[in-house]
Every structure is written in C-alpha cells, then in structure tokens.
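Student: Protein chains in written order, with numbering that gives the first Met the number 0: chain D, 0 to 249; chain F, 0 to 249.
Read the hints as simulated data drawn from the structure, not as lab findings.
Each hint should be verified, as a subset may be incorrect.
As the list claims (entries may be wrong) - Simulated DEER-style distance windows between Cβ atoms:
1. D:T66 with F:N54: 45 to 51 Å
2. D:R44 with F:A175: 49 to 55 Å
3. D:D23 with F:R44: 23 to 29 Å
4. D:V207 with F:S228: 34 to 40 Å
5. F:A26 with D:R238: 25 to 31 Å
6. D:A45 with F:Q182: 53 to 59 Å
What the hints assert, rightly or not - Simulated pairs of lysine-lysine, DSS-like, Cα-Cα distance not exceeding 30 Å:
7. F:K148 with D:K141
8. F:K148 with F:K168
9. F:K148 with D:K148
10. F:K141 with D:K148
To be verified - Facing chain F, from chain D, some residues (calculated, C-beta under 7 Å):
11. L16
12. T18
13. D81
14. F92
15. A125
16. G128
17. D130
18. G156
19. Y242
Cβ coordinates follow ideal geometry from the N, Cα and C atoms, glycine included.
Number of protein chains: 2
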Amino acid sequence: MTGWVKIVGLGPGADELVTPQVSDALAAASDVIGYTPYVARVAPRAGLTLHPSDNRVELDRARHALTLAAQGHRVAVVSSGDPGVFAMASALFEALEQGPTHWRDLHIEVLPGITAMLAAAARAGAPLGHDFCAINLSDNLKPWALIEKRLRLAVEGDFAMAFYNPRSKSRPEGFARALDLLQQACGDARPVIFARAVSTPEEDIRVVPLPDAQPEMADMRTVVVVGASNTRVIDGGQRPIVYTPRSVLS
Amino acid sequence: MTGWVKIVGLGPGADELVTPQVSDALAAASDVIGYTPYVARVAPRAGLTLHPSDNRVELDRARHALTLAAQGHRVAVVSSGDPGVFAMASALFEALEQGPTHWRDLHIEVLPGITAMLAAAARAGAPLGHDFCAINLSDNLKPWALIEKRLRLAVEGDFAMAFYNPRSKSRPEGFARALDLLQQACGDARPVIFARAVSTPEEDIRVVPLPDAQPEMADMRTVVVVGASNTRVIDGGQRPIVYTPRSVLS
Numbered sequence: 000m001t002g003w004v005k006i007v008g009l010g011p012g013a014d015e016l017v018t019p020q021v022s023d024a025l026a027a028a029s030d031v032i033g034y035t036p037y038v039a040r041v042a043p044r045a046g047l048t049l050h051p052s053d054n055r056v057e058l059d060r061a062r063h064a065l066t067l068a069a070q071g072h073r074v075a076v077v078s079s080g081d082p083g084v085f086a087m088a089s090a091l092f093e094a095l096e097q098g099p100t101h102w103r104d105l106h107i108e109v110l111p112g113i114t115a116m117l118a119a120a121a122r123a124g125a126p127l128g129h130d131f132c133a134i135n136l137s138d139n140l141k142p143w144a145l146i147e148k149r150l151r152l153a154v155e156g157d158f159a160m161a162f163y164n165p166r167s168k169s170r171p172e173g174f175a176r177a178l179d180l181l182q183q184a185c186g187d188a189r190p191v192i193f194a195r196a197v198s199t200p201e202e203d204i205r206v207v208p209l210p211d212a213q214p215e216m217a218d219m220r221t222v223v224v225v226g227a228s229n230t231r232v233i234d235g236g237q238r239p240i241v242y243t244p245r246s247v248l249s
Numbered sequence: 000m001t002g003w004v005k006i007v008g009l010g011p012g013a014d015e016l017v018t019p020q021v022s023d024a025l026a027a028a029s030d031v032i033g034y035t036p037y038v039a040r041v042a043p044r045a046g047l048t049l050h051p052s053d054n055r056v057e058l059d060r061a062r063h064a065l066t067l068a069a070q071g072h073r074v075a076v077v078s079s080g081d082p083g084v085f086a087m088a089s090a091l092f093e094a095l096e097q098g099p100t101h102w103r104d105l106h107i108e109v110l111p112g113i114t115a116m117l118a119a120a121a122r123a124g125a126p127l128g129h130d131f132c133a134i135n136l137s138d139n140l141k142p143w144a145l146i147e148k149r150l151r152l153a154v155e156g157d158f159a160m161a162f163y164n165p166r167s168k169s170r171p172e173g174f175a176r177a178l179d180l181l182q183q184a185c186g187d188a189r190p191v192i193f194a195r196a197v198s199t200p201e202e203d204i205r206v207v208p209l210p211d212a213q214p215e216m217a218d219m220r221t222v223v224v225v226g227a228s229n230t231r232v233i234d235g236g237q238r239p240i241v242y243t244p245r246s247v248l249s
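In isolation and in its complexed conformation, chain D is listed as follows:
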C-alpha cells in the first residue's frame, strides 16, 4: 500500500462549498488529521481513523501526518478554508524540510479550498474586486511591529484588505490597535465588513463605515474586509452591497 498526504481545504463551512476533489480525497483517506473542529466536519466511517488535535500544535500534527504516510497510510490533513492561506500547508512543508530526507519521496498534494475572505467577499458583494492584501493579524508568529508596518503600507498603496485571525481571546488588544491605526491612516468612511462563520448556520455579516468599526465586532471566527478608498456601498434591496470598482482613474 502506498501512502500519501493530501492537505485539503474544507472551505468556510457549508458542504456545498467543498470541492469534489477534496470530497474524493476524504473518501479515499485512511486517516484524517487536523484541529478538532475541522476534523469534526468529516463524517466517520469504517476504515477511517480520525485524529483530532488542539490548536497551536501544527508542527506536531504535520509530523504525525508524514510519519503515518511513510508507513503507508493515506492521510488527509484538513484545514478550514484553503490549506495554503494561514493554515496547515506551510506547517506541513516546514515539518518536511526539517524531517528525515526519505519523507521527500512521499506523495504530497495540496488541494485548494474556498478561503474565508473569498466566501466573505461573495456574501458582501465584491469588495476584493481590485488589488488587495491578506494579512494575518495574529502576533503569535510575527512581531506586532511588522503587522503595523504592513497595515500602513497597505493603506498607502490603497489596497483593499482582508484580515484573518483578527481577535483572539488571549490577545484581544491587537485588533483594537489595528482598527485605531486604520481609522487614523485612512481618514475616511470606507466600508468595513465583519463576516462571521460564513456559510454556516451562525453566519453573520455586518457592514459599517470605518469610523464606526469596533473591536468587539470581531472574534476568531470572523474575517474582516476593509475596502479601498474607492470601495462603494449600494443601498436598497435586501442589504447593502459592497464592491470595489475594476478601474482606478488616473
């Protein structure tokens, strides 16, 4: 039996947003490894071993996946959204690079998924319709000063911005600082989208002008999208539509 590792993206939550490629990989797997709430999205079946684990043990999880694959297991490593965006793919390749060289002969694939910012943008309209940045606001793995620098440069470049992991329970003050910086640096009322648990029964989409944005509007299940200076809001209909035009006039 030939083992493999497929690092798969489960999308933001709804089954209808999981690609057939990922569904097929889960159906063929012998083992599923990942953060407990993501593993819980995979239906148990005979012949499938589920290995849920806690947050912040990404490297252990990656080594576990590679070790099992080297023993002939067919391992699906599951991430929410897309595995390549602030998720398990980088951790797996870090473990691969640090690990025994025979791991490099394993069959390893990354199967993309609908990442949170794309699902959130779709529900709100098209706020990422022009140039944009994606920034992880967690300072677990990088200095806060670098986050601030990137925020300032993103504003200077007039990118739309998508923020992942805006606000953890353990470090809630970071997002308040980020919002404060953006309110000062942008100096306008561009729309901010707080998109929580998109495509799940708990979905909540809120659109507010930047000066009214409050840190408490986000938690770790929220992706936050901040418009560019020319991002527009269309009122009327069921709810406001936020979109960034395709063109920037010179």
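Assemble chain F onto chain D, guided by the hints.
Tutor: For chain F alone, coordinates are given in the frame of chain D:
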C-alpha cells in the same frame, strides 16, 4: 417565474475544482452569460441558452444579465476562478449601481470559486502561507504608475505577491517593467512561480529564482507568484516545493 442573477466562479479549469454550489446554480439556470472560453465550459442542455461574448465587454454583459433577470430569467454569469477577484462580480455591481433602481430588488448572489492564485499556490506548495497581496498587472483600467507604486510597497512590506493578467498580447511591455522593478527592489533570489493553465491539460508550473525570471515565461493564462524574502524552496522528490513559513522572527 422569479428571475435571479448568480455570478459564479468556475475555478481554474478542472471540473473537480467546481463547487457543488456552482454546479447546482448552473443546473438551475436558464441563461449563461460570460466570456466565450468560460461559457464553453458549461455543457449545453435543453432549456439553457448560452450567451458567449468577447473580452472587454464586461459592463454590457452585466447589463444583459440584469435585464434578463428582470424579465424572469435565471441567469448564471460565469467567471473563471473566483468571480470576486479581477472578474465579473465588480462589473455586475457597477452596472447595478448605474442602472434602473428596480434592478436593486433582484435576487443577486455571488458564488465563490477557487481563484487562480490559490490553485497555483497549491500546485507549487504553499507560497502564500503568510501575508500576501494580489495585484492585477493589466493597465487597461488603472494607470501604470499605480501598479509600480503597489509593487514597491508590497516589496517594502515583504508580502508574497500574486499577479493576475501579467502579460497581454497588446501590451507585453508592462510585465517586463514589473519584473525589472522587482529584481531591483528585492535584490535577492527568492522564488518566482509561473503557473499556467493550472488544473487543465495544458498546465505548466515553472519555478525560477527572481534574477532568472523572464517576461516570456508568462502569458494571459499565467498567474505569477513571487515569494516573500523568507520563502523557501525544498528540493528533492518530484519537483521543488515552494513555501512561505508561518512565522517571521523579530
């Protein structure tokens, strides 16, 4: 009969990367509108009218979709990748904002898809595993000076970068200027990924150090991903793996 418009993402090419949500919308549609090569990806069937159109007529196409929906048609507007990333969603909302107010009562949804940079990143490893920017290199709809400014700021912020529409037949010189700017500004040998026609039979993935990157390596079917300064390449196995680590040391 109640009309609707669903702006759907077909993903980068392979059927196995189309979400079930999008497949269901296409199965329920009475009309499909889009750029000819994307409409060609939808199987004809009784009861479905295909409306292929040329490139650069996005607003006409959007008005057509809204007009048909207002007459009760069930209209799928198709984009490659994700409709919210340099695709039809923004054009549709531009047309909506400029059009008759009764259009705002229509049922309009954006259904996300796997955008080219995520598919390309997955095939290469995890180059977008940390903060990144997505920039449309076409200067059809924005001044070239703004593209250069964003490139410089993205380098200064040490973002990984994904470039859409790098090189058109009509304006091939822009990408040469962009590469030249990056080679000067980065001053290192970080990896560049040229990912063409990902997930199709014509797929071609090429990884080169930035100093070796040539404009001719890209065309309009290519998405280009440039690593951050700490992006790594793992050799060995079938082909090089490119990934950006999750952490940045202070």
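Student: Hint by hint, note whether the structure agrees.
Tutor: Evaluation of the provided hints:
About 49 Å separates the C-beta atoms of D:T66 and F:N54, a value consistent with the hinted range of 45 to 51 Å. For D:R44 and F:A175, the hinted distance range of 49 to 55 Å is satisfied, since their beta carbons lie about 53 Å from each other. For D:D23 and F:R44, the Cβ-Cβ distance of about 25 Å falls inside the hinted range of 23 to 29 Å, so the restraint holds. Checked against the hint of 34 to 40 Å, the pair D:V207 and F:S228 passes, with Cβ atoms roughly 35 Å apart.
Take F:A26 and D:R238: their Cβ atoms lie about 27 Å apart, and the range 25 to 31 Å holds. A C-beta distance of roughly 55 Å is found between D:A45 and F:Q182, which places it inside the suggested range of 53 to 59 Å. Distance hint between F:K148 and D:K141 is fulfilled; the C-alpha atoms sit about 25 Å from each other, no more than 30 Å. At most 30 Å may separate the alpha-carbon atoms for a hinted pair to count; F:K148 and F:K168 meet this at roughly 23 Å.
Note on F:K148 and D:K148: the hinted pairing holds, with a Cα-Cα distance of about 16 Å set against a maximum of 30 Å. Distance hint between F:K141 and D:K148 is fulfilled; the C-alpha atoms sit about 25 Å from each other, no more than 30 Å. With a cut of 7 Å, the hint placing D:L16 at the interface with chain F holds, because the nearest CB-to-CB distance is about 5 Å. Taken as an interface hint, D:T18 checks out: its beta carbon lies about 5 Å from the nearest beta carbon of chain F, inside 7 Å.
Taken as an interface hint, D:D81 checks out: its beta carbon lies about 5 Å from the nearest beta carbon of chain F, inside 7 Å. A cut of 7 Å between beta carbons decides the hint on D:F92: the least distance to chain F is about 4 Å, and the hint holds. Contact between D:A125 and chain F, as hinted, is supported at the beta carbon level, the nearest pair being about 4 Å apart and thus within 7 Å. Because the smallest distance between the Cβ of D:G128 and any Cβ of chain F comes to about 3 Å, under 7 Å, the interface hint for this residue holds.
Taking 7 Å as the C-beta contact cut-off toward chain F, the hint placing D:D130 at the interface holds, the least distance being around 5 Å. Nearest Cβ of chain F to the Cβ of D:G156: about 4 Å, under the 7 Å cut. The hint holds. Of the supplied interface hints, the one on D:Y242 holds, with its beta-carbon coming within about 4 Å of a beta-carbon of chain F, less than 7 Å.
Hint compliance for this structure: no hint is broken.
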